[in-house]
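Q: So you can see what is in the structure, the chains are spelled out below.
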Amino acid sequence: MGEHDLIPITGLGSATLGTKVCAFGVESGYLCGNVVEINIHAGFDGLSKVDLGNHGFVADDLGGPIYTESNIADRNITQALGYVTSFDNTDPNHQFVYYTPLEKVFDGLSIEDCNYALLTYNETNAQEYDQLIAQMEIPPKK
Amino acid sequence: MNNPLKLIFIIFNLLPSVAPNNYSQPLPETELQMAQNVSQIVERDGAIALVGGTRVTEVFSVKGEPQQKELTLSFPAVRKLDGKKGFLVPFSFNSENYLVDGTKIGGNYVLTPAGFFASEGIAYAFLDIYPEF
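For the protein sequence lines, the chains are L and E, in the order given. Under the working numbering, the first residue of the first sequence is numbered 9, with each subsequent residue one higher. Under the working numbering, the first residue of the second sequence is numbered 3, with each subsequent residue one higher.
Honestly, the hints are just simulated from the structure, not real lab data. Note that this is a predicted model, so its numbers are computed, not measured. Even glycine gets a Cβ: it sits at the ideal position worked out from N, Cα and C. Please note: incorrect hints may appear among the correct ones.
Below, computed lysine-lysine pairings styled on DSS-like, alpha-carbon distance capped at 25 Å [what the hints assert, rightly or not]: (1) Lys-112(L) to Lys-82(E); (2) Lys-86(E) to Lys-112(L); (3) Lys-87(E) to Lys-112(L).
Covered stretches of chain E (chain L as the covering partner; in silico rule of three or more C-beta atoms under 8 Å from a C-beta of chain L) [said to hold, decoys possible]: (4) 73-79; (5) 82-90.
This is chain L alone, in the form it adopts within the complex (with noise of 0.2 Å):
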């Protein structure tokens, strides 16, 4: 990734274990990783972690976002997952970084009538990704 790279956030996705995820801090850069696990408690409730290796994220890089990537038709385009909340970097061969999801947050910030969502790139090419997306999962012929 170089300097300045944009890519579009088409929607909000979501991870499962072993599913590859990608994070931004502007202090560490770009680092991408596998969750190893979900749902656990690590400072706050409901965290996903994932090892990111022999590179880890600090203090600066709290708040970047989380994200998985995909590439369609030489295009990268991205689905938000969440925020960096935590870290920690004891192993140096596994370092960790825990987020948590941006369904909480935006389950948090609803107050009543006021709710918040996550804005995305623009409706007709999230649409045409989507559908480019569903494409791509539907088996092949035999």
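With chain L's structure known, arrange chain E on it following the hints.
A: For chain E alone, kept in the frame of chain L given last:
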């Protein structure tokens, strides 16, 4: 109205937007993207643009002494009630001063999520962005 294509076009535009789920809302008129390695306010097409992933400085006070903390701006969000756009931002201290590259980007209305406690770690908030961004 003698042009059926025009009629179809008008009907299409009157249809309300359907969000993919309760937590996301497409923004047709604005390019809303997430940046990598962005630490400055950038100008695009003559307008100042803020994107997720931007370095943000939170300025707050501890016992009267000004302090600051570097954090990362996260995903863009919208308040459904009035369509106000903003960003999800880390909220670790009681501050309404969020700066990007030395410029205050907003902070008149920072709402922390219910049930989140900063003492347990980093919490989150919705940050109203000034209209010029």
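Q: Within a Cα-Cα threshold of 25 Å, do Lys-86(E) and Lys-112(L) meet the stated pairing?
A: Since the Cα atoms of Lys-86(E) and Lys-112(L) sit roughly 20 Å apart, the hinted pair holds (cutoff 25 Å).
Q: Against the 25 Å threshold, does the CA-CA distance of Lys-87(E) and Lys-112(L) hold or violate the hint?
A: With Cα atoms ~19 Å apart, Lys-87(E) and Lys-112(L) stay inside 25 Å; holds.
Q: Can you tell me if the stretch 73-79 of chain E counts as covered by chain L, using C-beta to C-beta distances under 8 Å and a minimum of three residues?
A: holds (count 7)
Q: According to a criterion of three or more residues whose C-beta lies within less than 8 Å of a C-beta of chain L, is the stretch 82-90 of chain E covered?
A: Coverage by chain L holds for the stretch 82-90 of chain E (4 residues, Cβ < 8 Å).
Q: Lys-112(L) and Lys-82(E): Cα distance at most 25 Å?
A: Distance of about 17 Å is within 25 Å: holds.
The structure shown violates none of the earlier numbered hints.
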